[in-house]
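K.L.:
Just so you know, the protein sequences line up as chains X and A, in that order.
Numbering-wise (numbering that gives the first Met the number 0), the first sequence opens with residue 0 and increments by one.
Numbering-wise (numbering that gives the first Met the number 0), the second sequence opens with residue 0 and increments by one.
Hints in this document: simulated from the structure, not taken from any laboratory.
For clarity, every value in this text was computed on a predicted model and none was experimentally measured.
Ideal Cβ placement from N, Cα and C applies to all residues, glycine included.
Keep in mind that a hint or two might mislead.
[Stated by the list, open to error] Computed Cβ-Cβ distance ranges for the label pairs, DEER-style:
id, chain 1, residue 1, chain 2, residue 2, range
1, X, 109, A, 13, 29 to 39 angstroms
2, A, 137, X, 30, 50 to 60 angstroms
3, A, 43, X, 86, 29 to 39 angstroms
4, A, 207, X, 79, 17 to 27 angstroms
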Amino acid sequence: MRWLVELYRSTIGKKIIMAVTGLIGIAFVFLHMVGNLQVFIGQNKFDAYAALLHGPLAELLWVARAVLIAAVLLHVLMAWQLTRRARAARPVDYRMREAQVSTLASRTMRWGGVLLLVFIVFHILHFTVGAIDPAGVFHDTDALGRHDIYGDVVASFRIWWVSGFYLLAMAFLGLHLFHGAWSSLRTLGVARPSDHPLHRRIAAAVAIAVWLGFTLVPLGVIAGIVH
Amino acid sequence: MNLTLHVWRQPAAGAAGKFERYEARDVSPEMSFLEMLDVVNEGLIAAGQAPIAFDHDCREGICGMCGMMISGAAHGPMKMTTTCQLHMRSFKDGDELWLEPWRARAFTVVRDLVVDRSAFDRIIQAGGFVSVNTGSPQDANAIPIGKQEADEAMDAAACIGCGACVAACPNGSASLFTAAKISHLGLLPQGQPERYRRALRMVAQMDLEHFGGCTLFGECQEACPKGISIDFIARMNRDYLRAAATAREERAVGGTG
Chain X
0 MRWLVELYRS TIGKKIIMAV TGLIGIAFVF LHMVGNLQVF IGQNKFDAYA
50 ALLHGPLAEL LWVARAVLIA AVLLHVLMAW QLTRRARAAR PVDYRMREAQ
100 VSTLASRTMR WGGVLLLVFI VFHILHFTVG AIDPAGVFHD TDALGRHDIY
150 GDVVASFRIW WVSGFYLLAM AFLGLHLFHG AWSSLRTLGV ARPSDHPLHR
200 RIAAAVAIAV WLGFTLVPLG VIAGIVH
Chain A
0 MNLTLHVWRQ PAAGAAGKFE RYEARDVSPE MSFLEMLDVV NEGLIAAGQA
50 PIAFDHDCRE GICGMCGMMI SGAAHGPMKM TTTCQLHMRS FKDGDELWLE
100 PWRARAFTVV RDLVVDRSAF DRIIQAGGFV SVNTGSPQDA NAIPIGKQEA
150 DEAMDAAACI GCGACVAACP NGSASLFTAA KISHLGLLPQ GQPERYRRAL
200 RMVAQMDLEH FGGCTLFGEC QEACPKGISI DFIARMNRDY LRAAATAREE
250 RAVGGTG
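Chain X extracted, bound-state conformation:
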């Protein structure tokens, strides 16, 4: 087991943990995004989907939650340690250092990540736990007596600051994935060598798909398509 401890203690090992937990996150947000789009089919379908996750699939849901919580904790812990290490690596900063090729996405990984962590906590307290209930409809049920998550989504996104915060967070999620989906595979050493290693078509497609998919829901509510 000593090799595992040494791997964990190395900077590359920590980056590998960030990459693996990040890829777990990407897989999750993609499925979550696809699930959310059912809101456009209608209240019945959306509440039935929620009832399916919480009823027959409840055990599976908890396994997924356990994996996701562990992934987020490890991702944040590694980011914290590596950020501290990076700061310590340059105790005297430059008077002037111009970014040459680094993307906005790569430069916002740390603060954008903090914003996403705040968002995740808010989002769980909002739609999962109901401790934050800006629309005051969390405990409502639909015509079939199911938890009316559809009604909660519609009522919540009609509140300007709720939809505003979600739209902002999803923009940062898109940026985070634009760098993360590309860099994680390079960190793991599975990316093919390229004449233009900074180009990233697949990561761009993943980032845009996830950002757009999530953003369409509050926009649909604001536009009155989802009501």
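Keeping the supplied structure of chain X fixed, place chain A upon it in accordance with the hints.
P.N.:
For chain A alone, kept in the frame of chain X given last:
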């Protein structure tokens, strides 16, 4: 042309430093950047002041000694060019330039723009070699090497160890340097016997020297005067992961004599 220089002046390693302003008058566009500094220094010496200390040796872009941050860019504004091969025609009359040493915890300032890069030497000592008996060279074609592999190995071997990758990296990471040194041997048949041990040891030494971790900003590749690709970092990580997962603990084997 006339330029204004703001140069980091620091008398010794532990001493406090600050920027000093100098005017560089009648600079020819045909001068190299270091020749321009030579002229400024002659003026300083004539005026009884200490000349600006900067590292240099071959002045033909192949030794890796020179290097400084020129207005926020490692080795200045020209791509794939060392500071000595940068010419004043890259600047225009009236430009104001900020000259700073490479900044990293591992690269302590020796004086002015000179930094101590012996951390790189220790990374090489940790595994950047092949253990073979020296003697009369064998025939050049005794070991067949594919063209692709030979080219890739040469691309990595182009690293001159100048330190621009560390200097340009927002994390102060030495990943591009270490990756290039691991890869140029690891791609060749002669490097195979020690390939995984080399990856383990050089990465361990890189971490010991207090360099930051790599987050693939890509700034190193852009700053590198030899254009070394960040693809080598992916290759280093692959070798390192495989080495960590499969390497046996080192122990004495065979008779004790």
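K.L.:
Next, verify each hint and record whether it holds.
P.N.:
Hints, verified against the model:
no. : hint                             : result
1   : X:109 / A:13: 29 to 39 angstroms : 31 angstroms, holds
2   : A:137 / X:30: 50 to 60 angstroms : 58 angstroms, holds
3   : A:43 / X:86: 29 to 39 angstroms  : 35 angstroms, holds
4   : A:207 / X:79: 17 to 27 angstroms : 21 angstroms, holds
No hint from the list above goes unmet by this structure.
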